[in-house]
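J.: Sequence:
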Amino acid sequence: MAREYKIEDYRNFGIMAHIDAGKTTTTERILYYTGKSHKIGEVHDGAATMDWMEQEQERGITITSAATTTYWKGRDGKTRRFNIIDTPGHVDFTIEVERSLRVLDGAIALLDANAGVEPQTETVWRQAEKYNVPRMIFCNKMDKTGADFYRSVEMIKTRLGATAVVMQLPIGAETEFKGVVDLIEMNALIWRDESLGAQWDVVEIPEDMKAKAEEYREKLIETVVEIDEAAMEAYLEGNMPDNDQIRALVRRGTIDVKFHPMFCGTAFKNKGVQPLLDAVVDYLPSPLDIPAIKGIDVKTEAEIERHPDDSEPLSMLAFKIMNDPFVGSLTFARIYSGKLEKGASVMNTVKDKRERVGRMLQMHSNSREDIEEAFAGDIVALAGLKETTTGDTLCDPLKPVILERMEFPEPVIQIAIEPKTKGDQEKMGLALNRLAAEDPSFRVKTDQESGQTIIAGMGELHLDIIVDRMRREFKVEATVGAPQVAYRETITKKHEEDYTHKKQSGGTGQFARVKIVFEPNPEGDDFKFESKIVGGAVPKEYIPGVQKGIESVLSSGPLAGFPMLGVKATLIDGAYHDVDSSVLAFEIASRACFREAAKKSGAQLLEPMMKVEVVTPEDYVGDVIGDLNSRRGQIQGQESRGIAVVINANVPLANMFKYVDNLRSMSQGRAQYTMTFDHYAPVPSNVATEIQAKYSGQK
1 MAREYKIEDY RNFGIMAHID AGKTTTTERI LYYTGKSHKI GEVHDGAATM DWMEQEQERG
61 ITITSAATTT YWKGRDGKTR RFNIIDTPGH VDFTIEVERS LRVLDGAIAL LDANAGVEPQ
121 TETVWRQAEK YNVPRMIFCN KMDKTGADFY RSVEMIKTRL GATAVVMQLP IGAETEFKGV
181 VDLIEMNALI WRDESLGAQW DVVEIPEDMK AKAEEYREKL IETVVEIDEA AMEAYLEGNM
241 PDNDQIRALV RRGTIDVKFH PMFCGTAFKN KGVQPLLDAV VDYLPSPLDI PAIKGIDVKT
301 EAEIERHPDD SEPLSMLAFK IMNDPFVGSL TFARIYSGKL EKGASVMNTV KDKRERVGRM
361 LQMHSNSRED IEEAFAGDIV ALAGLKETTT GDTLCDPLKP VILERMEFPE PVIQIAIEPK
421 TKGDQEKMGL ALNRLAAEDP SFRVKTDQES GQTIIAGMGE LHLDIIVDRM RREFKVEATV
481 GAPQVAYRET ITKKHEEDYT HKKQSGGTGQ FARVKIVFEP NPEGDDFKFE SKIVGGAVPK
541 EYIPGVQKGI ESVLSSGPLA GFPMLGVKAT LIDGAYHDVD SSVLAFEIAS RACFREAAKK
601 SGAQLLEPMM KVEVVTPEDY VGDVIGDLNS RRGQIQGQES RGIAVVINAN VPLANMFKYV
661 DNLRSMSQGR AQYTMTFDHY APVPSNVATE IQAKYSGQK
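Numbering (UniProt numbering), first residue to last: 1 to 699.
Treat the hints as calculated values from the structure; they're not laboratory data. Remember, predicted model here, so these are calculated numbers, not experimental data. Treat each hint with caution, since some may be false.
With a cut-off of at most 30 angstroms between alpha-carbon atoms, the simulated DSSO-like pairs for lysine-lysine come out as follows [claimed, not checked]:
(1) LYS599 x LYS540
(2) LYS294 x LYS353
(3) LYS528 x LYS6
(4) LYS540 x LYS528
(5) LYS73 x LYS258
(6) LYS694 x LYS493
(7) LYS493 x LYS599
Across the chosen pairs, the derived CB separations fall in these ranges [to be verified]:
(8) HIS307 x SER345: 18 to 28 angstroms
(9) LYS130 x SER555: 22 to 32 angstroms
(10) HIS307 x PRO684: 48 to 58 angstroms
(11) HIS307 x GLU233: 33 to 43 angstroms
(12) ASP580 x PRO397: 42 to 52 angstroms
Virtual Cβ for every residue (Gly too), placed ideally from N, Cα, C.
Using the sequences and the accompanying hints, generate a full structural model.
T.: Following this line, the structure appears as C-alpha cells:
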C-alpha cells in the first residue's frame, strides 16, 4: 500500500488552552466542517465526540488527549491530512499537554475573548516554548459578554511576552459579532446564521472599520518584513509585498517561532472556524518544515538524526497509553521516520525488549479503522504491545536508536486508598498499576510501615478522576483517606563527615572509610555527586558504590522520612583494604556517613508552594485576600480584568485543600481560582514541628 498523502501535506497539530476556553467545541467544529462528524456534539449536553470518557462527559472537561485524523481542502483546492491532538486544559492534567506537545509539529492556542490570557494559558504556553512549538492564536468566544479582542492582543504581549500578528479583525462583538475582516485579502467575511456556519458571504469592509483595517494591515506588514532582508529593503523603498509574499513571510515567521498569527471567531456559534483551518494549511509546519528529531545510536552512542522520510529506518515515540474497552491496551505513537507494517516486530530500545505490533489503528476520536501500514509523520494507535510505556522509543531492531526522552513532573499530593472489600484488594492493585502505566504523573506505592496503598498525583481533581475511573472501568469500590502533602527535606549547612565501616569477625571482612563534604546544591533541587580523590585513596572502581550508597538514603530524610532535595556530596578522602574492601562495603559506609551528616547539616523541611490565581468580583476582594493570608499565603499582586479583580498569590499546598468550597461560599459561587505548582519552600519552624511530630510517629 503506497502513501496516500505526501508528507508535505501533513499537519500534526494540537489545540491548547485554559479550561473552558472552548477547546473541545472548536475541535468538534473542525471535525464537523472537515466531514468527520455528522452531528455537532456540544460539551453542554455531554455529546462531544472528542470527550469520550464518561467522566469527561459528566464534568465537561477534557481529560485524555484523543488523536484524530481528518482531511481539509485548502484555499488552493488541494486536500491536506490533519492529525489533531485534543489536549486537556485543566492544570491537574498538564502532563497530557506536555506529552502531546512533544509529538506535535504545531499548535493552536485558544483564548477566551472575555478572559484573555489566563493562568493555564501561561502554563501550556511555557510548555510549548520549551519544545519550540510553532503556534497560532484563535481568540474564541467573541460572542460572549465582555469579549474584547484588542485586550487579548495586548495580554499576549504583557503576559506571555509574545508577538501576536493580527490577521483578522472582529466585526462587532458580544451578541453583535457577525464575522471578520481578512487583513491580507482586505475584505470582510460575514457568516450566515442559518447554515450552521457552513456558508458565509465575502463583502466589502464596513465603512466604519476601513481606517482600523488599514492600520492593522500596516502593522502586519511591518512585523513580517522584519524577518527577511530583501522584503525589508523593498518595503523601505515603498514596494509593498503582494498577498502571496505576505503569506510566505507569515509562514516562515510562524515556523521559526518569531511571532504568532492571530485569528478570531466563535466556535460555539460556528463563525471563524474555516479560515482557521485554511491558516493551519498556510502557516503551521508539515513534518518537513521542522528540525529532524535527534536520538542516540544504541550501538555507537553517537548523536544521530532521524528524518521524516519513509526510506529511513523506522523510529517512533510512544506518547500515550490508553485502555480501550474494545481493544485492550492501546499505545499511541508518532512515527518520525521509516514505515511500519501490521504484525511487524519492533525494538523498544529503552526497555531493551522486542515488541510485536498486533493491530494498527487510525483513530477518529472514539471510532477506529484498522490499517495495514503507516508512514513517517503518522500518528497511530498500536494494539498488542506488552512492555512499552509513555516516552519509550520503538524502532527497527537492526538500526536501534533512543529518541529524546520526555520529562515528567513529580506528584505534589498523595492520599491513602483501600478497597471496600477484601476481595477487591487484588483487583485494586491491578487497576492502579494499569492506570499508572497510562499516566506517568500518577504514582502508586505501598507504605512500608503501615502497609497502606498510597496514590500520588498532580492535584485533588487528578486523584478524584483516578478513583472514579477505578470504579467505572475496573469495578473496584475504594475508600480514600485525607489528602497528604508531598513534603521534602533538604540541608542548609556545609558539613564534613568521616566514617569508617569495619566488619572483621571471621570469614571475609568488610572495610571502607569515606570522608565526604555535604552541602546544599547551589544548582537546584537535584542531587549532585563529585569525587575529588587524588592518589588512589579510594580506588576508581569503588567510587560508584559511594554515590549509590548516598542515593539510596536520599529517599528518606532525617526529620520525618521525606525524600531529600538539593544535596551536593563531594568525596574528598577515604581508605581501603586490599582484601576486605568492596563496592558493597563503600556503599554501606557512604550510606551511614550521610545518615550521620544529615543530622548535623541543618536539615530543613520543605513544602510545595502553589501559584494561585483568584478571579473575583470586586465586592469579595477583601474577603479573598484575608482568607489567602490566613492560609499562610503571600499576595504577589492584583489587577483589574474587566469588572473582575485578579489576585495572584503563593500559598502552601497544605493550606489549599477544599479551597474551592470556601471560595464558592465566600463569593456566592462567583469567584474562580486556578493553582499550579511553583516551587518548594522552607516550612516555618512552628508548622515544621507539628509535621515532624505527625509523620515521625508514622515512620
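J.: Keeping to a limit of 30 angstroms between CA atoms, is the pair of LYS599 and LYS540 held or broken?
T.: holds, 29 angstroms
J.: Check whether the Cα positions of LYS528 and LYS6 lie no farther apart than 30 angstroms.
T.: violated, 48 angstroms
J.: Does 42 to 52 angstroms hold as the CB distance between ASP580 and PRO397, or does it fail?
T.: holds, 45 angstroms
J.: Checking one constraint from the list: CA of LYS694 to CA of LYS493, max 30 angstroms. Satisfied?
T.: Roughly 25 angstroms between the alpha carbons, so the hint for LYS694 and LYS493 holds.
J.: Mind checking the alpha carbons of LYS493 and LYS599 for me, to see if they're no more than 30 angstroms apart?
T.: Given that 30 angstroms is the threshold and the Cα spacing comes to 11 angstroms, the pair holds.
J.: Honestly, do HIS307 and PRO684 meet the 48 to 58 angstroms range at C-beta?
T.: holds, 55 angstroms
J.: Quick one, are LYS540 and LYS528 close enough, alpha carbons at most 30 angstroms?
T.: holds, 18 angstroms
J.: Verify the CB-CB distance for HIS307 and GLU233 against the hinted window 33 to 43 angstroms.
T.: This hint holds: roughly 34 angstroms between Cβ atoms.
J.: Assess, step by step, whether the Cα of LYS294 is no farther than 30 angstroms from the Cα of LYS353, and give holds or violated.
T.: Holds, at about 21 angstroms.
J.: Just tell me: holds or violated, for the beta carbon distance of LYS130 and SER555 against 22 to 32 angstroms?
T.: Because 28 angstroms falls inside the window, the suggested range holds.
J.: Assuming the hint says 18 to 28 angstroms, is it satisfied by the Cβ distance from HIS307 to SER345 or not?
T.: Since HIS307 and SER345 have Cβ atoms about 23 angstroms apart, the given range 18 to 28 angstroms holds.
J.: Could you grab the alpha-carbon distance between LYS73 and LYS258 and see if it respects the 30 angstroms cut-off?
T.: holds, 27 angstroms
When the structure is compared with the earlier hints, a violation turns up for hint 3 alone.
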